[in-house]
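Residues are numbered in our numbering as their position in the sequence shown, beginning at 1, plus a constant of 4.
Since the hints were derived computationally from the structure, they do not count as laboratory data.
All C-beta atoms in this analysis are idealised placements derived from N, C-alpha and C, irrespective of residue type, glycine included.
Take the hints with a grain of salt, since some may be wrong.
[Unchecked claim] Computed beta-carbon distance windows for the label pairs:
id, residue 1, residue 2, range
1, E83, T32, 34 to 40 Å
2, G223, A125, 35 to 41 Å
3, V69, A20, 30 to 36 Å
4, H88, V249, 41 to 47 Å
5, E170, T92, 33 to 39 Å
6, A125, D146, 38 to 44 Å
7, E83, Q171, 37 to 43 Å
8, E97, E242, 29 to 35 Å
9, E187, H93, 32 to 38 Å
10, D64, E170, 40 to 46 Å
11, T72, P23, 43 to 49 Å
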Amino acid sequence: MTTVDTETITVELPEAFDPRWNRLPGITVEGTTITLDPENYFFRFEASSWLVIDWQTVRDGLLSVEETEEASVEQMALEFIKTHSHSTHDAGEVLAVAHQVYSYLFRDEHLATLGLPDVTAEHLKMLREAATFMALNKVELDGHISNVGPCWFFPSATGVVFDLSEQEGQMLDEVYHGGWFNEYRRIEGIKAHAALGGRLVHGCQSVPDQSGGVVAPYGASMARFREELAGMKTEWIEQVDSYRVTRS
Numbered sequence: 005m006t007t008v009d010t011e012t013i014t015v016e017l018p019e020a021f022d023p024r025w026n027r028l029p030g031i032t033v034e035g036t037t038i039t040l041d042p043e044n045y046f047f048r049f050e051a052s053s054w055l056v057i058d059w060q061t062v063r064d065g066l067l068s069v070e071e072t073e074e075a076s077v078e079q080m081a082l083e084f085i086k087t088h089s090h091s092t093h094d095a096g097e098v099l100a101v102a103h104q105v106y107s108y109l110f111r112d113e114h115l116a117t118l119g120l121p122d123v124t125a126e127h128l129k130m131l132r133e134a135a136t137f138m139a140l141n142k143v144e145l146d147g148h149i150s151n152v153g154p155c156w157f158f159p160s161a162t163g164v165v166f167d168l169s170e171q172e173g174q175m176l177d178e179v180y181h182g183g184w185f186n187e188y189r190r191i192e193g194i195k196a197h198a199a200l201g202g203r204l205v206h207g208c209q210s211v212p213d214q215s216g217g218v219v220a221p222y223g224a225s226m227a228r229f230r231e232e233l234a235g236m237k238t239e240w241i242e243q244v245d246s247y248r249v250t251r252s
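Could you build all of it, start to finish, from the sequences and the hints given here?
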């Protein structure tokens, strides 16, 4: 359900996306060119503005900063957002910044120390692509979920696009929102997500259950966020799953 008007979203990215993204309605991938038709892409689209920071500004000013006894990394990220962020109505800008964020977070150099032998460089590319689209999802300060695209339901969407089994999709989901199971990389993620105006939050419990992930602003009501998640997903997950290619 789209409730705001917007033009077609187009962005040119440095990395070619998998053409199988075209299986999902509203997405057109032609090499490095991504085009989204909001009317067909979003399940819910109520907000056409996002908070972002130029990635180079985050790289230069935040990634190397260390927390202290007086200031946690979360405090540093919040202050950095307050100082350097700007509001944009250009969804293409959001996608471009998100791709830089996730190219940094899901870089191949982590594979050697990840301790997850089933995760490959190809999986990291899948994560970069899916997380880029997820950056257009949005939660308001009051906790209301205002924007929902198919990549909110990470295992289903990646299963459709990359022909993953349910188990493989859940593995990818765990790596996406699990901070790579390492405190150092969790801290890295807090800093990097400042470029998208907040912190990564998800509604799953101890296991992936398609409750979604989104970069939410600091201070957003997690109580309302959780309440809305409980009632929003079943019908939309079924729609995403319906686009899976069946093999004869």
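task = Could you check the structure against the hints above and give me the numbers of any it violates, in ascending order?
result = The structure breaks none of the hints.
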